[in-house]
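The two chains are supplied separately, each in an independent frame; assemble them into the complex guided by the hints.
Taken in order, these protein sequences are the chains called A and B. Counting in my numbering, the first sequence runs from 1 upward without gaps. Counting in my numbering, the second sequence runs from 1 upward without gaps.
These aren't lab readings, by the way, just hints derived from the structure by calculation. Every clue listed holds true.
One side of the interface only, derived from the structure: several residues of chain B facing chain A at Cβ under 8 Å:
no., residue
1, Arg38
2, Gly39
3, Gln40
4, Gln99
Quick reminder that beta carbons are idealized off the backbone N, C-alpha and C, glycines included.
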Amino acid sequence: MTDTHIGNGFVPSGKLQLGIFFQGVNSGTVWKSPESGSQTDFESFRRIAQTAERGLFAAFFLGEGLRLREHLGRPHALDVVGRPDAQTMLAALAAVTTRIGLVATQNTTYNDPADLAHRLSSLDLLSGGRAAWNVVTTDNAWTGANFRRGGYLDHADRYVHAEAFVTTAKRIWDSWEDGAIAETPAAPAWAAPGSARPVHHRGKHYTVDYVPRLPRSAQYRPVLFQAGDSPEGRDFAARQADVIFSAHPRLDDALDFRRDIVERTVRAGRGANDVKIMPASEFILAATPQEALEKKDWVRSLQIGPEQAIAYLEQFWGRELQGFDPDGPLPDIDPVVEETSETRGSGFHGAKAKQLADQWRAEAKDKGLSIRQFVSARTSRGDSSFTGSYTEVADRLAEYAHTGAVDGFNISPWLIPTGLDDIVNHLVPALQERGVYPTEYAGATLRENLGLATPVRQDADTVRLQLTVGEQLL
Amino acid sequence: MLVSAPTPGLLASEIAEARAAAPAAAVIAELDVVLDARGQSAAGRLAELDAHTPWQSSRARFIGTAAELTELLASVLETADGVRLHPAVLDVDLEELAQLVLPALRRRGVLAPQQPGATFRDLLGLPRPTSRYAAVSAPAAAEN
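One chain only, chain B, in its complex shape (with noise of 0.2 Å):
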């Protein structure tokens, strides 16, 4: 289930109420993220795209330094399954986010290691669903 909420500080209660409703379901929370890069601050970035076409969303909206938003990331974390991220500009922002967020997100434990072979369902950690048919079929194997 992606949840959302009016700013970063809101989301641990939606992460709650989503919990709450479907227990059964992967929380994943939705943020959008621009970061301080390349000399110049997240603000002064999101003012310059902003001046340009302004970056209209419903998400909780991040902006700041790789290391806030690797503590953001840590708490939320402690209650999510998941985040989905929306960069602010994807060259940019997914550097930043794969060469000192990620990586301290990982020294941390908050992520799992990287799993080669793993599939989508594992990296949730979601269960492996139940065929519909293997009710049925397993009592039809037996039969004959």
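So here's chain A without its partners, still in its complex pose (with noise of 0.2 Å):
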């Protein structure tokens, strides 16, 4: 029996949102099927953003992609790929919808605090107050590579460099008074004297002197997701975030993970449900358990083919496998003993290669798995995919709610751009029926869709107590 107690004052809401994650590259989203579209064309986004918002989902999710997926030292071409610059394609969104929330994911490193605050706030007020930022910090040399700065940030540096750059933001967008701007002609000046505070920051990487040239949106200012998993990422979460794009779908570790939050989020100070949870997760519905495992079986051997099986292969052995057939056995040659970098694919280094790869060959040989099922098996993200008719998976889904395990599932559909189709069609009117999904937007921005509270503003001396060393407040 699951261990469902959270503690340190949480209180389960008993409901989920839905987020829609339009992943625009990897092996996940389907693009051999008849029915698998366009990944860049408007048509693609404007298609899933209205369907989910008739579904009532929270969010719309965008990645960033800096640099193309490189494999052996040439783009990796079996996947899909796409991603149109988020922002952009998010102020196109906020045209054709009326309530769904807008993440842009965006980076720390390569950015400007001014600018970046800049153009989300500018979001957040075109779209009435529905934009957020999914901070990630891409501190990798490799993505460098395409900037001015090159990798000039150290690994180490990452969260206490995002930290400040967040918290640069957060100024920036609190600078404007409520009711800065004249709501009368008879006003002696159209923005009060003193309404909007300038903003200085002289940090180790990046200095502000700016007066913000945008007021407050409707929701105050944009939502924050994060989504790092590391011991330092949680605790930037737990101080900064305001929902968590998680890892962790499974029932008992959404369960260990909430503690985990929890806890982090009650010492940094805030309450112990000030911070949302929203793990990835793939759903393969179908209208009996039957049919569902028939269509999984399916969509994994569209997701991985033959040559992906071998490309997977590729990056662990580091040398071309192309002679091996997908169908045998894994091969018996060992991988090249050489460093790469994570950042190309490849999950592991050097002398561990070898360790690896007798690892995978006994696990292979163990169940009786070809190149092709082990891949499968490898990558099919097992954890985060729910796979059952409509009414099985709503049960499973209650008892997440229940539990107050997540507040919900930022979803990647496996095909664009009919994937939400099914759920929104059937799993969204199983979770009304159960009572664990919302039967109509509670209001027009993400903030109060979210169940978020309005931020405290983040003035000077509150920011002062919580710089970390190396960045210093004028």
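Rendered as structure tokens:
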């Protein structure tokens, strides 16, 4: 029996929210089905965002890809690539939607705080208070090679820098007083004198002397998402984020993660319910359990074809494996032992390669798995995948709501642009029947729809207390 | 002249009849429209709407995808001067028409490009009517 107690004063809301993560990269998105559509046409984005909004989804989420994936030194060409700039795309989507939140992933390493804060403010204003920023650090030199500054930031400093960046952005968003702009023509000035306060920051990597140009939005300032899973990332989220896009969808893991985050959040001086958790997830649904299982096999066969299976192993073997039969056993030759970069897709380094290869060969032999079956099992994100009939899956999700393990799920559809249809047409009504899903939008802004409180203004005094060593405030 | 028919397939013969009866008039076909939208099929949407309030009309009704409607309209507009579309739900179907159907028809040259400042008559391709006083006033002016 799973221990469902959370503690620290946390109260489960008993409700779930859904988000949609339009991935635009990687093998999770099937492009070989006749139904597969464009990864870049606006029409794909419009269709899926409007479908999500019909299903009362809280958020439409876009990632950030700053450099193409590479494979053995060449661009990886077997999976979809797309990802138009998130803020540009979300601005267009703001015009064809009315309630759904618009989440842009943006890094703190190659952006500048005053510029990024202004662009996010703009999105927040034009969408009527629906913008969110998913804060990522993306500090590696491989990505940095695309940028003027290069890989200037030590991996160890990524969150120190990110925190100074986010704190500066919040101060920029908080710099305008409420009611700063004249409400009547009789007012002496368009903006009340002194209502926009300047923001100054002297840091190791950037300097800001800025009088912010935009007033606050309907939701005060953009909502903050965060996804880092390291202890530093979790503490950063506990101090700064409104929502965690987590990697822990299995119920017992989700409960552990919730306990950990609640503890960190309370320690950071915030309320136990202040940080919402929405894990990444994939849904494979059908009318009956049997159909859903068959559908899963079909989806997996399209996600990991023979070429993808070989390419996946090549990342770890560090060498070409084209001579091996995808439907045969794992390669009997050993990996090339060399230092590779994680960002190129290799998940481990140097001497560990041989050890891992031995372990995988043993595991595949034990279970009687071919290369393709083995890779499919490893990459299918089994933990984050919900397969079953609509009612089965709705029952499973209701348990997440009742225990408070998560606040909702950020769904990556495996098909674009029709991948949300069965979720909105069948799963959402089943969740509503169980009383664990909204039957209407709670409000006009993303903050209201996520049940988040109005943020406390980040005045210079409160900020000073939170700053970490290495960054200082004027 | 507005023409309709019991089904979209029967519009062509009605258009031909109207054309024969009034050669000088612009012939406009009338069509109810329900489209696939927001992850839901047109038939599913119509069933939901009808469960609430049945949609009664004597016009031909199109139920399907934007691409199918584009084909139908391209064929209707070969003989008719225009169509008057009656969307099932303005907020939803109008957007599908604006985003998908009209741009596709324009690309195919079926719809004239939008002309800023054009009159309704210009859009319909109708000639400017002669003033009923033109014939008498012209000689009158000459006498002065």
